[in-house]
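Participant: Going down the list, the protein sequences come from chains C and B. Read in the numbering used here, the first sequence has 98 at position 98, and its numbers run on one by one without any break. Read in the numbering used here, the second sequence has 61 at position 61, and its numbers run on one by one without any break.
Quick caveat, the hints were computed from the structure, so don't treat them as lab data.
Calculated cross-link-like contacts (lysine-lysine; reagent style DSSO-like; alpha-carbon spacing at most 27 Å):
no., chain 1, residue 1, chain 2, residue 2
1, B, K26, B, K56
2, C, K57, B, K26
3, C, K57, C, K11
4, C, K11, C, K71
5, C, K57, C, K71
6, B, K70, C, K57
As the structure is a prediction and not an experimental result, all values here were calculated from the model.
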Amino acid sequence: DTGVSQDPRHKITKRGQNVTFRCDPISEHNRLYWYRQTLGQGPEFLTYFQNEAQLEKSRLLSDRFSAERPKGSFSTLEIQRTEQGDSAMYLCASSSYYTDTQYFGPGTRLTVL
Amino acid sequence: SQQGEEDPQALSIQEGENATMNCSYKTSINNLQWYRQNSGRGLVHLILIRSNEREKHSGRLRVTLDTSKKSSSLLITASRAADTASYFCATDESNTGNQFYFGTGTSLTVIP
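Chain C extracted, bound-state conformation:
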């Protein structure tokens, strides 16, 4: 598999529950990004990893959101105490050190009831 994969593709949860998403980047890519996209909008930057280090995080990101990339390979994004406003498509992208081109996964669509 040469692309970015995300799991699950769809998640329906009740308000107040915690959810966790996984992203597997392209294997040789050391940079990994998380974005959130709502209907009719472009992706909104959430956070950025270089290898296992989380180097940047959006100032707009709630403390309920946390992301990890423990071994510099796959990454997880957790949302605690979900709210209806968290309903969105969560996109993961990766790139290599030598290029700024980001390759996106198919996304995880979250619906909070």
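Fit chain B to the given chain C structure using the hints.
Facilitator: Just chain B now, kept in the frame of chain C:
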């Protein structure tokens, strides 16, 4: 917050015609990228243009960048029905480099 804004928000053309989309942004950038997104799918990278470049071509795509006006345009020539999608520009601010800002997108419909 989103730095880029695409114009127009929606565009409908006949197959074979050319489609032009514009992107404006607010701060100095390192590079600007264009992406395509089919409905409900992930984004596909189309082309990257660096801040020291003025024009770039890739197949039927032509991108221009005017850093003095903080704007870029994407031209798709000889459009096809398969080009129907949303198109986004993305920029990275020169002083951060690793935060990419996407615009709100242009929804292109190519009528067969």
